[in-house]
Every structure is written in structure tokens, then in C-alpha cells.
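> Here's the letter readout for the chains.
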Amino acid sequence: NAGVTQTPKFQVLKTGQSMTLQCAQDMNHEYMSWYRQDPGMGLRLIHYSVGAGITDQGEVPNGYNVSRSTTEDFPLRLLSAAPSQTSVYFCASRLILNTGELFFGEGSRLTVL
Amino acid sequence: AQSVTQPDIHITVSEGASLELRCNYSYGATPYLFWYVQSPGQGLQLLLKYFSGDTLVQGIKGFEAEFKRSQSSFNLRKPSVHWSDAAEYFCAVGAAGNNDMRFGAGTRLTVKP
Chain A
52 NAGVTQTPKF QVLKTGQSMT LQCAQDMNHE YMSWYRQDPG MGLRLIHYSV
102 GAGITDQGEV PNGYNVSRST TEDFPLRLLS AAPSQTSVYF CASRLILNTG
152 ELFFGEGSRL TVL
Chain B
-1 AQSVTQPDIH ITVSEGASLE LRCNYSYGAT PYLFWYVQSP GQGLQLLLKY
49 FSGDTLVQGI KGFEAEFKRS QSSFNLRKPS VHWSDAAEYF CAVGAAGNND
99 MRFGAGTRLT VKP
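The listed protein sequences correspond, in order, to chains A and B. Start counting the first sequence at 52; every next residue gets the next number (this note's numbering). Start counting the second sequence at -1; every next residue gets the next number (this note's numbering).
Only chain B is shown next, with the shape it has when bound in the complex (with noise of 0.2 Å):
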């Protein structure tokens, strides 16, 4: 079964200062990868996905994340955080035909002011 390891479980950041979010899958045949969101109290909500084609996805709120199928990576960035994008991130891998989608242990996001 395919899995999902996000090595950080907590990361502070500065308002205004760039962001990375790291995301590691395991799956043997062609990843479909996402990064959902979730504000405190909230059901997560799609940020981007990948399924095909360009490695570089753009997402919702100015976030992007690159494809690495060598690394197995799919990580988020976002160039500047807003105190807004304090949330709870989570990446997901999942595949055609495939009814498991799979989450990582997700990666809290504080944002100092």
C-alpha cells in the first residue's frame, strides 16, 4: 500500500518570510499527490494536486509544490506567509483505480507576526 511520511511535525515561520513544506510518498506505480489544509475546527480543503504533466503545480492561496519522481517528493511552498496560513497541512497520495488515499501525519504551520 502506498504511504506518506511528512518529516516535520511542527515549523514556525515569520510573516512574510518564504515557506516549505516537505512530503515523502511510497507507491509503486504513478502517484496521484495532493496538499490539503485545515484550519483549527475545519474539515480540510484542497490546496493542489497532482496527477500529470507539469511538475510544478500552482494551488489556491499562492501556494505551488514541485513533482520529484526521483526524489519522491512533493513538497508545498508558498514565497511569502500571511498570518492566515497558520493551519495544519496534510499530503495525500492516492492513484487511479485506487480507492485508499492515503494521508501523512500532517505538519502544523505558526506563523509569528
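In isolation and in its complexed conformation, chain A is listed as follows (with noise of 0.2 Å):
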């Protein structure tokens, strides 16, 4: 049961460089996010999609790029990573007629020199 899987596990960038944050389901999920965690402010929606060609911004899309060309796939990109996006980085996936459990994947944490 591979689930949510996320890669990288970690991931160190300069200032200015770009790199995707990969996210794959196989559970048939329409819904799939991104989050961003960081100490003391618990878990914000970067972004998210609710199918195929379908994408939207979440509570803090700055500097995050997304697309959903498939139902099992939805990388998160840097297209020129700062200091400030140095975190740990969530992809989760949920059932679109169930506005409920979300599945997460194991995290990606990302540094920025």
C-alpha cells in the first residue's frame, strides 16, 4: 500500500535556484494538496486540486507553482527559492466527495541557503 508518496525526502537549494517537489497517489484521489509546515504555525494550504486540469490557490501560493496533468501526480515547483520557503513541505489527498480524512505523505524538507 504505497499511499501518498512524496520526493524528495531532503532537499538543499541556494537562493535563486528552482527544483519540483514531487507528489504521486494511488488511491484514485480527486483531491490533491500541498502544505507547507513550519514551526508554531502549524500546516497552511499552498495549493491544491480537485482533478485533472483543475487547480487553485490555497492560503499561501506565493512563490509555488502547481499543475495536475494527471489524477495519480501533482508536483509542487520553486520556480527561484528564497530563505523564507525553507520548510517541510506535505502533499495530501482525499476523496472529493469526502470532505474528510486527508492522506498524507511522509514530507519533504527543504533548506534554503
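Think of the hints as simulated: they come from the structure by calculation, not from any bench. Fair warning: this is a prediction, and the values are worked out from it, not measured in the lab.
Just some of the chain A residues that point at chain B, by a computed CB distance under 8 Å:
1) Gly93
2) Tyr99
3) Gly151
4) Leu153
5) Phe155
Derived DSBU-like pairs (lysine-lysine); straight-line CA-CA distance at most 30 Å:
6) A/Lys60 x B/Lys47
7) B/Lys110 x B/Lys47
8) A/Lys60 x B/Lys59
Quick list of the computed label-pair ranges, beta carbon to beta carbon:
9) B/Gly26 x A/Arg95: 19 to 29 Å
10) A/Phe61 x B/Ile58: 24 to 34 Å
11) A/Asn113 x B/Ile9: 29 to 39 Å
12) A/Gln108 x B/Asp52: 30 to 40 Å
13) A/Ala53 x B/Glu13: 33 to 43 Å
14) B/Ile58 x A/Ser120: 32 to 42 Å
15) B/Gln56 x A/Thr66: 44 to 54 Å
16) A/Gln108 x B/His8: 26 to 36 Å
17) A/Thr121 x B/Trp81: 41 to 51 Å
18) A/Asp107 x B/Ala27: 16 to 26 Å
19) B/Ser16 x A/Gly104: 46 to 56 Å
20) A/Pro90 x B/Arg75: 24 to 34 Å
Heads up, the beta-carbon is just placed ideally off N, CA and C, and yes, glycines get one too.
Using the hints, put the two chains back together into the complex; each one sits in its own frame.
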């Protein structure tokens, strides 16, 4: 049971570099989302998608891009990394008709120097 | 937008003692309420959820929570804490048709032997 898989688990970037955090789920969930977790801030929603070709912004979308070309994959792109984007990123998914349980990946720790 | 407050950043209890973690929410409509647990280096796992009906809900690992609309609260309880319960706990609020689930800042639980 793979569930939600995130790669990479750890990444160090220099300011201005770009990278993509990958997220894949094998549960046929329509809804997928990206959160960032910072100390004392809890989890904050960056972007989400309710199906292939449909994405929308969450609470903290600036500096991040997403796309959803398939049901399974929802990559998060940082076009020009900044130290403020140092964080732990979580991908989560659920069935669209279930406003309930989110299934989370194990997280990706990103450090921007 | 909805919001969640977890007043306690860190709680320490002795093994075998009872536990109550506080959660207050702000939301104009009927909320969906959740408690998640995060073990170190892991993603989040759902403990329990409230959508409607009985205001006392049971979850996994012996946890329960009570929804009190008059107090806008959804406190998590456990009668006897085990050392394996040491983790970070997050309260979250969502709603039907709302794709923006908001999380509290989390409460870190330490269990003393």
C-alpha cells in the first residue's frame, strides 16, 4: 500500500535555484493538496487541486506553482527559491466527495541557503 | 475563512495520567472537525473526526473528542496516556464543499515515565 509518496525527502537549495517536489498517490483520489509546516504555524495550505486540469490557490500560494495533468500526480514547483521557503512540505489527498480524512505523505524537508 | 487555535504549545504528562488537548475554532457555518497526530519524521494520521450527530466521538488509539458548539471547542481526551502517545497533535477545521482545511499550530505532547 503506497498511499501518498513524496520525493525527495530532503533537499538543500541555494537562493534563486528552482526545483520540483513530486507527489504521487495510488488511491484514485480526486483532491490533492500541498501544505507547508513551520514551527508555531501548523500546516498552511499552498495549492490544491480537485481533479486533472484544475488547480486553485490556498492560504500561502506566492512563490509556488502547481499543475495537475493526471489524477495520480501533483508536483509543486519553486521557480526561484528563497530562504523563506525553508520548510517541511506535505502532500495530501482525499476523495472529493469526502470532506474528511486527508491522507498525508511523509514530508519533504527543504532548506534554502 | 475558518481558523483554529490550539492554546497549548507543549504539554507534559506522566504515563498513565489523563490527557486533554484543547482546540477552539472559528467558522461561520457548521464545521467539520478533525484531530491528527504526527510522530517525529512522519506525516499526519487521522485520530478522529466530527461531521454531525453525537457530539462525543471515538477515535483510534483510545482517543475521544467532544464537540461543544456553544464554546466553539473540540477538545481531545484520553483517560490514560501511554509513552507511545508522545507526538504532535493537530486540530483542523473544514466544511462541506470547502476545499480549504485549516490546521492549528499543534500541541507537542511529552510523556514522562
